[in-house]
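As they're listed, the protein sequences go chains A and B.
For the first sequence, the residue numbers in our numbering are 14 to 649.
For the second sequence, the residue numbers in our numbering are 58 to 386.
Calculated from the structure, these hints are not laboratory results.
Positions of the beta carbon are idealized from the N, C-alpha and C atoms, including for glycine.
Here are a few chain A residues that sit away from chain B, every Cβ distance over 12 Å (derived from the structure):
no. : residue
1   : C261
2   : A557
3   : P564
With a Cα cut of at most 25 Å, we get these calculated SDA-like pairs of lysine to any residue:
no. : chain 1 : residue 1 : chain 2 : residue 2
4   : A       : K473      : B       : D131
5   : A       : K497      : B       : G244
6   : A       : K497      : A       : G478
7   : A       : K473      : B       : S138
8   : A       : K473      : B       : G244
9   : A       : K473      : B       : P118
10  : A       : K498      : B       : E331
11  : A       : K480      : B       : S231
12  : B       : K242      : A       : D485
Partial pick of chain A residues on the chain B-facing surface, computed with a CB cut under 7 Å:
no. : residue
13  : G381
14  : Q466
15  : L481
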Amino acid sequence: MKSVRGRRRIAAAALGVTIALVAAACGGNSTTGGSAGPSGTAQKGGTLREELPEFGWTNNFDPTGEYLGYAWGVFDQLLIRGLMTYKHVSADEGGDTPVPDLAAGDPTVSSDGLTYDFTLKDNVKWGPPLDRVVDANDILYAFQRINDAKEIAQYGNYYCGVIVGMDCKAKDDNQPISGITVTDATHISFKLEQPTGDFLYRLSMPATKPVPVEYRGCFPKAGDMGVDVFSDGPYMIMGQDKLDISSCSSIKPLEGYDVDKGMTMVRNPNWDPSTDETRSAYADGVQLKINTSVDNIFNNLLNGDIDVAEGTPPISVLQQLETDPKYTGWLHADQGDRTWYVTMNLLAPPFDDVHVRNAANLALDKIGIRKQYGGELRGDIATSVEPPTVLPNSTDINPFAANTGSGNAQAAMDEFKQSRYDTNGNGVCDDGPVCENIEFLGRNTDPWPAMDQVAIQSLKPVFPGLKLVETDTSTGYTTLQQVKKLIPISMVPGWGKDYASPYGFDFFIFDSQGISCTAAVNYSLVGMTADQANECGVKAQYDAYVQNNGPIPSVDDKMNECVQKPTDQVDACFAEMDTYLMTTAVPWVPWLWATNFTSTNLDPGHVTQYKFDQNAGIISYVNTAVGNTETPVNVA
Amino acid sequence: MSQVQQTEPAIEVLVPLEGEPGRIEGRSPWQLFWTRFRRDKIAVGAGLAVLALITLALLAPVLAAHIVHRGPNDLGQNYTSDIGVPLLGPSKIAWFGVDTLGRDVFIRTLYGARTSLKVSFIGTGASLIIGIFLGLIAGFVGGKVDTFISRTIDIVLSLPLLLMAIAISVACTSVITGCLGGVLKQGTGIVIFIIALFGWPYVARIVRGQTLSLREREFVEAARATGYGNFHIMFREILPNMVASIIVVATLLIPQNILLEAALSFLGVGIPAEIPSWGGMISQAANGQLYRLAWWMLIFPGMFLVITTLSFNLLGDGLRDALDPRSNR
Numbered sequence: 014m015k016s017v018r019g020r021r022r023i024a025a026a027a028l029g030v031t032i033a034l035v036a037a038a039c040g041g042n043s044t045t046g047g048s049a050g051p052s053g054t055a056q057k058g059g060t061l062r063e064e065l066p067e068f069g070w071t072n073n074f075d076p077t078g079e080y081l082g083y084a085w086g087v088f089d090q091l092l093i094r095g096l097m098t099y100k101h102v103s104a105d106e107g108g109d110t111p112v113p114d115l116a117a118g119d120p121t122v123s124s125d126g127l128t129y130d131f132t133l134k135d136n137v138k139w140g141p142p143l144d145r146v147v148d149a150n151d152i153l154y155a156f157q158r159i160n161d162a163k164e165i166a167q168y169g170n171y172y173c174g175v176i177v178g179m180d181c182k183a184k185d186d187n188q189p190i191s192g193i194t195v196t197d198a199t200h201i202s203f204k205l206e207q208p209t210g211d212f213l214y215r216l217s218m219p220a221t222k223p224v225p226v227e228y229r230g231c232f233p234k235a236g237d238m239g240v241d242v243f244s245d246g247p248y249m250i251m252g253q254d255k256l257d258i259s260s261c262s263s264i265k266p267l268e269g270y271d272v273d274k275g276m277t278m279v280r281n282p283n284w285d286p287s288t289d290e291t292r293s294a295y296a297d298g299v300q301l302k303i304n305t306s307v308d309n310i311f312n313n314l315l316n317g318d319i320d321v322a323e324g325t326p327p328i329s330v331l332q333q334l335e336t337d338p339k340y341t342g343w344l345h346a347d348q349g350d351r352t353w354y355v356t357m358n359l360l361a362p363p364f365d366d367v368h369v370r371n372a373a374n375l376a377l378d379k380i381g382i383r384k385q386y387g388g389e390l391r392g393d394i395a396t397s398v399e400p401p402t403v404l405p406n407s408t409d410i411n412p413f414a415a416n417t418g419s420g421n422a423q424a425a426m427d428e429f430k431q432s433r434y435d436t437n438g439n440g441v442c443d444d445g446p447v448c449e450n451i452e453f454l455g456r457n458t459d460p461w462p463a464m465d466q467v468a469i470q471s472l473k474p475v476f477p478g479l480k481l482v483e484t485d486t487s488t489g490y491t492t493l494q495q496v497k498k499l500i501p502i503s504m505v506p507g508w509g510k511d512y513a514s515p516y517g518f519d520f521f522i523f524d525s526q527g528i529s530c531t532a533a534v535n536y537s538l539v540g541m542t543a544d545q546a547n548e549c550g551v552k553a554q555y556d557a558y559v560q561n562n563g564p565i566p567s568v569d570d571k572m573n574e575c576v577q578k579p580t581d582q583v584d585a586c587f588a589e590m591d592t593y594l595m596t597t598a599v600p601w602v603p604w605l606w607a608t609n610f611t612s613t614n615l616d617p618g619h620v621t622q623y624k625f626d627q628n629a630g631i632i633s634y635v636n637t638a639v640g641n642t643e644t645p646v647n648v649a
Numbered sequence: 058m059s060q061v062q063q064t065e066p067a068i069e070v071l072v073p074l075e076g077e078p079g080r081i082e083g084r085s086p087w088q089l090f091w092t093r094f095r096r097d098k099i100a101v102g103a104g105l106a107v108l109a110l111i112t113l114a115l116l117a118p119v120l121a122a123h124i125v126h127r128g129p130n131d132l133g134q135n136y137t138s139d140i141g142v143p144l145l146g147p148s149k150i151a152w153f154g155v156d157t158l159g160r161d162v163f164i165r166t167l168y169g170a171r172t173s174l175k176v177s178f179i180g181t182g183a184s185l186i187i188g189i190f191l192g193l194i195a196g197f198v199g200g201k202v203d204t205f206i207s208r209t210i211d212i213v214l215s216l217p218l219l220l221m222a223i224a225i226s227v228a229c230t231s232v233i234t235g236c237l238g239g240v241l242k243q244g245t246g247i248v249i250f251i252i253a254l255f256g257w258p259y260v261a262r263i264v265r266g267q268t269l270s271l272r273e274r275e276f277v278e279a280a281r282a283t284g285y286g287n288f289h290i291m292f293r294e295i296l297p298n299m300v301a302s303i304i305v306v307a308t309l310l311i312p313q314n315i316l317l318e319a320a321l322s323f324l325g326v327g328i329p330a331e332i333p334s335w336g337g338m339i340s341q342a343a344n345g346q347l348y349r350l351a352w353w354m355l356i357f358p359g360m361f362l363v364i365t366t367l368s369f370n371l372l373g374d375g376l377r378d379a380l381d382p383r384s385n386r
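Chain A with its partners taken away, still in its complex shape (with noise of 0.2 Å):
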């Protein structure tokens, strides 16, 4: 929820990976696409071993709340099958669009757009030791838990409000919804309120896949779930077939899991491959185990301890990686489906100006920026919202053209001669206080502070007065949202796709309902209201904005237009709409389409076959393969 590691990856159009695969291509030792490197024959057995400085979770790992994209994954890949899924390899696979799962097939959509029905395959069981066939009342129980106001479900508006019935206020997680109606236990309908064109992609996320009825009542609080997530995926977590789930009350935990020390997670005895067409399950096992040090992480990769490492590696091993022949295929850059940016508050002085937001667009050093983040391998120079694997052509909307990457300070004071708040017409900050002492909110971990540094020389020919403000990541964006702060301008932030439509990257980030006082995630306020400036103690300050500059601008109703629209306009209605953010809102300075990298320590007995999940925007644990003979051990 926080940071874009908890963003859900998008779906990539086939002109954005091209484009993505030719730049990265030029980085020497890296494969990108998700399935070059090894060379190996993909064979069934052994251990997938990977180490993590940490999980991160944003909800205890409960998939009714969690919205951590690695956890996504995680329960997509491994754990939990739902009604659809993906196919857990690249885009360029076609690992960007739902597939049906539990579901027997498509669903029957009604002509208006409003009901979708499903029948289910009957030969789907849940793990040991409940041994039984999953059936449509545990889909149903899913959205009882999201309904259900006490667990919290994080990104529940993309089905309150959208499922007939569905308000997320429910009192406990056993009301009837409405708009659900399961006929018998392999057949589930929904009705919606208006007509959704992504609600497959909707129906693909982790909330909405099935929870046995068995745990209802025994979860009450969010997150609590997290410990005990229960299996009808090819793995389970070690020691569930030890549960007893006779009461609520003799639920304990699993033993293959514990937050601070890793997770384990082994075969799932009745999973049958035979009604899965996205999972091969190559590995007897897959190893998470924490470590702190991220160094240790990468040097217990090269020495063959582990299998898989995750994120940028410390600078002296990314050199070795990209440069040195022994490591030729160990690290893949994969399309993330995500956007890095700087975010200007539209409340906040300066930035309450468009021509600052303008001339903080032409001034930012983008490219420097990226350098210090691993440099081109690390993805594209964005220049706008969305990338172009999640909408196509996205490049195209480019009007700050005249920063090429590296920054153009005389464009940029060229704009902020237009602005108030440029008192002698220098092009220079110079309004009195309002000028000085702008707090940049920045982070404080590597390579953090360092790409903090290039983005503030950028931008100090025209904004002298700017203050670096540093905190760690989750201080960062828990300041972020808290509207009332009015961080003028950070570059903590990211964001990634939810699932792979633009309105699943949108949504939240700048629909008006994403601005809550506490925990806002559309931290430029686009089209926030009078009543939410007034609630949020904000009211001054938006009141200055409307009188100097007219309403605050708002994609509200393009957002509810576009998501209407059937699948072929979808795209080019998003992108009038991402146009109309980068020209007239201009609440981002977009710097980069980023990439995710994976290194895989390809030498015999290792990883013999890489497969990259879109849309989880991780290594498909589920299709890449190993050459140990090792038997999984519990890491937690």
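We have chain A already, so just place chain B on it with the hints.
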């Protein structure tokens, strides 16, 4: 008044002259100190090193503007690779090489000296003021006041310094509004505060001990008989007689505080990255084992840190030997 002050150290004034047995000549305590100090070549060398360091630190802006022509935060991205690996080591262009942002390590090292000296001098000064005041009060007043102050000293000294410093720094810098109503925010102020908070007990304990001894001496009795009040006796009679000890303590506290600042900055909870500091520079070099590719980023700030702390420590030892030759190390 002045006569009273001079009664105490008179014992030390009459000393035989070197090479002239039998001849006695009066010397002031400071003359005696200087005579002893200059015989200690190591201490003199350390003192010169400290002076050189202070000079370099003061001249850093001048060197940046007129010799190197680059400021401490001026970027030179042409000197780094696509992934930010510094490509320029020690050379004519950059005497100490460049860092991941292409910034001049030489100038940043000198500015780092300014940061270290500023923080440690001000922090030590604050420790001295608090420690002297409380130590004098405790030693002179005695009784419950002494007990209270002494136990407070014990408590503060028993706290794990680094952990407490990290905790305070994180608490005050993890929110952008800072703490203590915004008085303590990110910057050098928080480090100075921590140094002062944890440094004063060392001073107070020594001052208290000396005060306990001095308050029983004749010159104090004389001052009291003359009619001077407690405040006057503490600060005008006793305090001047422990200047030597205070100088020694201060000299030894400074390197300790420089190291504390460097440690906090290394851990990312001290001086903000925007301000050059040796700890921050070493941390940057250690990050991602960057020193394997750019050794100069680690060696030069590390070398300055070692030389500085060593110099202050040797100077402090020399001062102690010269000011109080009867003391045991």
